[in-house]
Amino acid sequence: MVAIVTRKLTKKFKDKVAVNEIDLKIKQGELFALLGVNGAGKTTTIKMLSGLILPTSGDIVIDNMNMKKDIFKIKEILNISPQETAIAPNLTVKENLEFMAGVYRIKDKGNKINELIKQFKLDEILTKRAKTLSGGWQRKVSIAISLINDPKILFLDEPTLGLDVIARKELWKIIEGLKGKITIILTTHYMEEAESLSDRIGIMANGNLVDIGTSKELIRKTKTKNFEDAFVSIATRGE
Amino acid sequence: MTRMINFAKRNFKELIRDPLSLVFEIALPLFLLFLFQQFDIPADNYKLENFTPSIILFGFSFITLFAATLVAKDRTSSFLIRLGASPMKSSDYILGYILSLLPMVLIQNVLFFLVAVIMGLEFSISIILTILVSMVISIFFISLGILIGSLVSEKGTGGLGSIVVQLVCFTSGMYFPKDSIGGVFEIICEILPFEACLNITQGTLHNDFSNLTPADIVVFLIYFIAILLLSIIFFKKRMISDNK
Ligand SMILES: Nc1ncnc2c1ncn2[C@@H]1O[C@H](COP(=O)(O)OP(=O)(O)O)[C@@H](O)[C@H]1O
Ligand SMILES: [Mg+2]
Chain A
0 MVAIVTRKLT
10 KKFKDKVAVN
20 EIDLKIKQGE
30 LFALLGVNGA
40 GKTTTIKMLS
50 GLILPTSGDI
60 VIDNMNMKKD
70 IFKIKEILNI
80 SPQETAIAPN
90 LTVKENLEFM
100 AGVYRIKDKG
110 NKINELIKQF
120 KLDEILTKRA
130 KTLSGGWQRK
140 VSIAISLIND
150 PKILFLDEPT
160 LGLDVIARKE
170 LWKIIEGLKG
180 KITIILTTHY
190 MEEAESLSDR
200 IGIMANGNLV
210 DIGTSKELIR
220 KTKTKNFEDA
230 FVSIATRGE
Chain B
0 MTRMINFAKR
10 NFKELIRDPL
20 SLVFEIALPL
30 FLLFLFQQFD
40 IPADNYKLEN
50 FTPSIILFGF
60 SFITLFAATL
70 VAKDRTSSFL
80 IRLGASPMKS
90 SDYILGYILS
100 LLPMVLIQNV
110 LFFLVAVIMG
120 LEFSISIILT
130 ILVSMVISIF
140 FISLGILIGS
150 LVSEKGTGGL
160 GSIVVQLVCF
170 TSGMYFPKDS
180 IGGVFEIICE
190 ILPFEACLNI
200 TQGTLHNDFS
210 NLTPADIVVF
220 LIYFIAILLL
230 SIIFFKKRMI
240 SDNK
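Which chain is which? The protein sequence lines are A and B, in order. Numbering of the first sequence is given in numbering that gives the first Met the number 0, commencing with residue 0 and proceeding in unit increments. Numbering of the second sequence is given in numbering that gives the first Met the number 0, commencing with residue 0 and proceeding in unit increments.
Keep in mind the hints are simulated off the structure, nothing from the lab. From a predicted model like this one, the values you see are computed outputs, not experimental measurements. Glycine included, every Cβ here is placed at the ideal spot set by N, Cα and C. Honestly, I wouldn't trust all of these hints.
In silico contact screen, one side only, chain A against chain B (beta carbon under 8 angstroms); selected entries [what the hints assert, rightly or not]: (1) SER49; (2) GLY50; (3) PHE71; (4) LYS74; (5) ASN78; (6) ILE79; (7) PRO81; (8) GLU83; (9) THR84; (10) ALA87; (11) PHE98; (12) GLY101; (13) VAL102; (14) TYR103.
Chain A on its own, in the form it takes in the complex (with noise of 0.2 angstroms):
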């Protein structure tokens, strides 16, 4: 089954091209990750893989159903993790659990939001307002808020972005968790990221989505000795 695919995926801002022609095809299940330096055009796929922006031309199919029909529909089975932290400021964790809930109409919200919390072992902050948190923790309940609908397809914008090792290693063993059961497309420019998490990695440089495989693939086809050396060789072929 595919749960996405793009034809000639494009977005301009006036003259700029940040996101140029991508044909994507990612598996249901499937953990993919956008691997590209600052600018490349990551934020802005996902932006139009998720509903948020219009592309300026080609298609995205997701699940079956055409974005440009079935917009709502597809809103429904997917959810976002956005690369700032995006949760109710002056809201406790479990408030900001409760209005997403409500947001996406959760008929079984008590018991959902009760997985959610031991999944993510939030007991400890449930009563705390959101704008007190530390970033490992915003960042953690903001992934865990976006779990709220059992989202079919789930995308993290730099998930562990400004985070200090142990808290992202942390992320990593949830976003490990989830893998297999939800499609994942995560964007990074950590290569270890995305070479340790992922199935498959398109690596995008200047709005181009140069290469797509898994890590041992990329580094097979560039003949280089480890994947930093591979990411270095397929990035500066897209300048």
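Assemble the complex: chain A is given as a structure, and chain B with the ligands must be docked to it using the hints.
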């Protein structure tokens, strides 16, 4: 529960937990209401039956300010990105913002009238009517806030918001009648909607609309509809362009 009410509940919590919003929307107007009754000012403006509606209007100008701040804050935080990827529709946002401020407006009205009655305002059914009318008028102040919050950043809302506060103070006639200055100033007062708002609420409270002119009604309706439409148009526009 609808998405709109769910969103309104969240907005209300954000507002009521901001101590500054309570200070300006409730404590400051109450203090002024109390303060001006301590001196025997001979002008009619300061009589309780006139000054209480003025204080309500003054309180509304801060409703504009804090609505603007909430919208601008939401816009610049990733919170709206998250909601933008959800099935929420534009009407859920706009109505959710408007609805969330109405309880605050009700709290203001009830408290201001309560204090006024304690200080000697005669209780009558007109008070209830005035509260209802001013709830309608408050929708104009809320949508003005949504419009400002859609146009400028969080920093900018402070500036524009305080202009609205000043305009309410000087052009509504709450402190002095416009003909005491006259000339261009008088025309400005007539073109702006704040004097009309005050004439409507004062008229309702006195059950005497002799001060209310047809021009007042027309001016108010034009502003009410125009600002509501503009707030919807610009919020939708910014909601998309911020995420571009
Ligand atoms: N709203 C916008 N207006 C103009 N240019 C933009 C906008 N958003 C992104 N860009 C540009 O598009 C390019 C890709 O940005 P982005 O997708 O955020 O990259 P990444 O997430 O990979 O760091 C960058 O050059 C960025 O400056
Ligand atoms: Mg990015």
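Checklist entry - Tell me, which hint numbers fail for this structure? => result none
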